[in-house]
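**Student:** If you're matching them up, the sequences are chains A, B and C in order. All residue numbers for the first sequence refer to the numbering used here, where the first residue is 256 and numbers rise by one. All residue numbers for the second sequence refer to the numbering used here, where the first residue is 66 and numbers rise by one. All residue numbers for the third sequence refer to the numbering used here, where the first residue is 13 and numbers rise by one.
Hint data in this document are derived by calculation from the structure and do not stem from the laboratory. Cβ atoms here follow ideal geometry from the backbone N, Cα and C, with glycine treated the same way. There's no promise every hint is true.
Claimed, not checked - Which bits of chain A does chain B cover? Going by a derived footprint, with three or more residues having C-beta under 8 Å, they are:
#1 291-305
#2 364-372
#3 388-395
#4 519-531
#5 561-568
What the hints assert, rightly or not - Estimated spans, in silico, between C-beta atoms of each pair:
#6 A:475 x C:369: 55 to 65 Å
#7 C:309 x B:73: 52 to 62 Å
#8 C:309 x B:75: 18 to 28 Å
#9 B:75 x A:618: 50 to 60 Å
#10 B:95 x A:491: 16 to 26 Å
#11 A:322 x C:145: 45 to 55 Å
#12 A:475 x B:75: 13 to 23 Å
#13 A:519 x B:75: 37 to 47 Å
#14 C:216 x A:523: 30 to 40 Å
#15 A:523 x C:81: 49 to 59 Å
#16 C:123 x A:650: 18 to 28 Å
#17 A:315 x C:91: 54 to 64 Å
#18 C:199 x A:519: 39 to 49 Å
#19 B:75 x C:115: 11 to 21 Å
As the list claims (entries may be wrong) - Listed next, the in silico SDA-like pairs over lysine to any residue satisfying Cα-Cα at most 25 Å (straight line):
#20 C:291 x C:309
#21 C:174 x A:614
#22 C:291 x A:654
#23 C:291 x A:652
#24 A:258 x C:302
#25 A:258 x C:291
#26 C:291 x A:614
These are the residues of each chain, in order.
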Amino acid sequence: MNKVVRHAFDLLVVGGGPAGMAAAVRAAESDLAVGIVDDSAMLGGQIWRGESGAGSAGLKWIERLRSSRVKVLRGRVFHQPESRILLAENNETVYELQYQNLILATGARERFLPFPGWTLPNVLGAGGLQAMVKGGLPIGGKRVVVAGTGPLLIAAAAYLRQHGAEILIICEQASWVDLAQFGMALLSQPSKILQGLRLKKALAKIKFSPNSWPVAASGSAAVESVTISRSGKLETISCDYLACGFHLVPNVELPLLVGCQVQNGCVQVDDFQRTSVPEVFSAGEPTGIGGVELSLVEGEIAGLAAAGRTAEAGRLLNRREKLRRFARSLDRAFRLRSELRSLPQRETIVCRCEDVRYSHLREHAGWRAAKLQTRCGMGPCQGRICGPATQFLFRWGQESVRPPIFPVRAESMASFTDDSTLEVCETTGGR
Amino acid sequence: MSSPLTITINGAQIAVPSGSTVAVAMVVAGKACRVSVSGEPRGPLCGMGICYECRVTVSGEPHCLGCQIVCEAGMEVTSDE
Amino acid sequence: MRHATYDVVIVGAGIVGAACADEFARRGMRVAVVDREMVGGGATAAGMGHIVTMDDSEAQFALTRYSQQLWQKLRPELPADVEYDQCGTIWVAADEEEMVEVRRKRDFYGQREVPTEVLDSQTLMRLEPSLRAGLAGGLLVMEDAVLYPPCAARLLMERAQKQGATLRLGHSVVEAGQGRVRMADGFEISAKVVVNAAGACAGTLTPGVEIKKRKGHLIITDRYARFLRHQLVELGYLKSAHSVSSDSVAFNVQPRRTGQILIGSSRQYGAEHAEVDSKILARMLQRAREYMPGVEQMSVVRTWTGFRAATPDKLPLIGPWPGDDSLFLATGHEGLGITTSLSTARILVDQITGAKPEIPIEPYLPSRAAQEHAHV
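The following block holds chain A by itself, in its conformation from the complex:
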């Protein structure tokens, strides 16, 4: 039975990762009632995952947030029943969160592309396997093939290696040329060179293979081997885990729900991170994948701007511009090559929730027709896994979103009504 808890904030931040924390911390320096809501018990988002997962930068921000007056809530935002109110749910509670201003720092998720065998147990995302190890999965002595694209492959491989995994190979679909250009971009960012050097040490002696991608995963109860294409030649490698992800896609479902303009999968923002909805800002990966440092500075700008401190926000614009150049080079270097469209075979499952196979999807004209006829995208993941895949495979557009933007308990959907016969346990006003 849900408790209903109401809060009213001057500023509500959705997302407790780098961008969200930076925004909340900066805004709270002014005398604003600030709340931050994240669906995890840990702060730091996917990249830091709580104090134990954060580096020194992460720890500093978590510490700053905890010592501020920001109210930290655990909940999954699922609906906007009325202007300036968001509903969020956790195991025991549904939150009604009122706000004057809103900052959406909802982060990103991995992009998955289907290929034969990708649904086998122990085939996970690159970030996915890393998250499992952070969640206690023993990886010592396990043989791991890392594949896909993007800097996350290297970060994940380094982390797994540090925890005892045997990284057999890293297969990057980008070409040497693309990577070299990205390497040049890295050189323009001093902190990234340091990061690069540390990673280099962590990855010493690991085979790194560009122009390479997985063609099939095989096994009976779980993955036992992976066949990869390396510059056109096929090679089969025995392994315990396949960690495979194709870079990141922004989480724009909540921005879409509240009416923000989204283009090419990214929330459109002005110089001060303001979206097309006047009281709504967005910061971090939803505005374009760009990494931790860009997320932090965007978060700071959004928090300062929401607090009316535009001069201070303005002083951060140069740093953001430099980091955005890096983000653009990320996009270019790791764009998906067309060969990946040929990976799924007729029988390859594309929608994992409803087991819709490639051959059934191919015949439809667009996302909506495919969805209605095959149920692709109608499962609990709400198209978060199959959506980016079908967008790439078939060049389909996406639909608008409807609530709930995550599956929630029926009682939570039912809780926002005119008649408040529900027990309201707590109401926090503004200042």
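Put chains B and C on the given structure of chain A with help from the hints.
**Tutor:** Below, chains B and C alone, put in the same frame as chain A:
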């Protein structure tokens, strides 16, 4: 990760390091979390509560995301088998 | 090519348009179907897919029963993705007053050879253990069924196409009547017979056709096998459907083949936008949990809305449109479009070919509105 605790998965006792998530416990026990619509065994994919592949029944409640739940001693987890 | 000629052109590829295309083609006519989007993308995609024999009027009974029997006959030809399931309907009575209504319905159906069974409180609980205790009973109508409408519409259209029908998707129709249909891109189709099967948009296509949009909401849950076996409808449903002016919700749930529970239903007049209304969802869920408490903890995966095409007297418009020899209507089905798509197609094509319809057609004739005005 510190001392192990015991949970049951489909009636069998499994020891996992304290702090492990339910999804991790399933993988360590070699058990699929769920069986898909067409009969495939499935385990966690995204690790962040988005893919819904790690759904299991915890203490009688179905469709719980295993990767978002930390194991507690005596927890009863059941999966499709 | 800017122009084509057919025997029949149908505007609207929803389940009604698709059923009509299939029927015309079956009788040897050259058919074209035009839709601005896809097959079965309008109310067809939004509805519950309940095939139900209704008793609220003789005319409604005749059309729904005829069609329900046609669906039964078609069943062997329906592929798996149509998910046809003769699970039956249980009209649920909350109290003794509603049990009186149960017996009235039983008599009505019994006199017309529709098999039913009166359920007392215990039998109801045995058949549907997830219902709350203390309900008075209900009426089981065992020949009612459910299916998945978008795939049913596609199946009917494919049958039509196999018999030579042409489908033109992605084209808005600007004008329909006087022996032709003109599309937004300038393409024109000439035909002796033009059928308006445009559902909620029928009144825009043919001025003077009195269709009002009646918005509905639905919710679908994650999979809960064995929670529900039959389509359950509260007896108050009919009061809701009959209300002409206010927003209403009723308990109306359906088990899908997938094990997901489909939860409805709602009716609103005057709502023009397709956005989900939180308050209506909340009321619908509250009503549902009054009958089935277990719904409360279920995981809700999706919600959506749709627009039913409603006429002033609640009966569809099937037949010639007065003042235009070429124009026929097959629209205005409100919440019974899935059920009555097949019988609509039959009696429409009967009228055009001069065959004798299986049921009297007068109650559905578009000219009835004119006649009523004449009598005033």
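**Student:** Does each hint hold? Answer for all of them.
**Tutor:** Verification of the supplied hints:
1. 291-305: Satisfied; 4 residues make the cut.
2. 364-372: Answer holds; 3 residues pass the 8 Å Cβ test.
3. 388-395: holds (count 4)
4. 519-531: violated (count 0)
5. 561-568: violated (count 0)
6. A:475 x C:369: 55 to 65 Å: 60 Å, holds
7. C:309 x B:73: 52 to 62 Å: For residue 309 (chain C) and residue 73 (chain B) the Cβ distance comes to about 22 Å; the hint is violated.
8. C:309 x B:75: 18 to 28 Å: Check passed, 22 Å falls within 18 to 28 Å.
9. B:75 x A:618: 50 to 60 Å: Given about 40 Å between the Cβ atoms, the range is violated.
10. B:95 x A:491: 16 to 26 Å: With Cβ atoms ~23 Å apart, the hint holds.
11. A:322 x C:145: 45 to 55 Å: Given range 45 to 55 Å: holds, Cβ gap about 54 Å.
12. A:475 x B:75: 13 to 23 Å: For residue 75 (chain B) against residue 475 (chain A), whose Cβ atoms are near 19 Å apart, the range 13 to 23 Å holds.
13. A:519 x B:75: 37 to 47 Å: Check passed, 45 Å falls within 37 to 47 Å.
14. C:216 x A:523: 30 to 40 Å: 34 Å, holds
15. A:523 x C:81: 49 to 59 Å: 55 Å, holds
16. C:123 x A:650: 18 to 28 Å: 58 Å, violated
17. A:315 x C:91: 54 to 64 Å: 60 Å, holds
18. C:199 x A:519: 39 to 49 Å: 33 Å, violated
19. B:75 x C:115: 11 to 21 Å: For residue 75 (chain B) and residue 115 (chain C) the Cβ distance comes to about 48 Å; the hint is violated.
20. C:291 x C:309: 19 Å, holds
21. C:174 x A:614: 21 Å, holds
22. C:291 x A:654: 23 Å, holds
23. C:291 x A:652: 30 Å, violated
24. A:258 x C:302: Roughly 19 Å between the alpha carbons, so the hint for residue 258 (chain A) and residue 302 (chain C) holds.
25. A:258 x C:291: Holds, because 19 Å separates the two Cα atoms, which is no more than 25 Å.
26. C:291 x A:614: Given pair residue 291 (chain C), residue 614 (chain A) is violated - Cα atoms ~40 Å apart, limit 25 Å.
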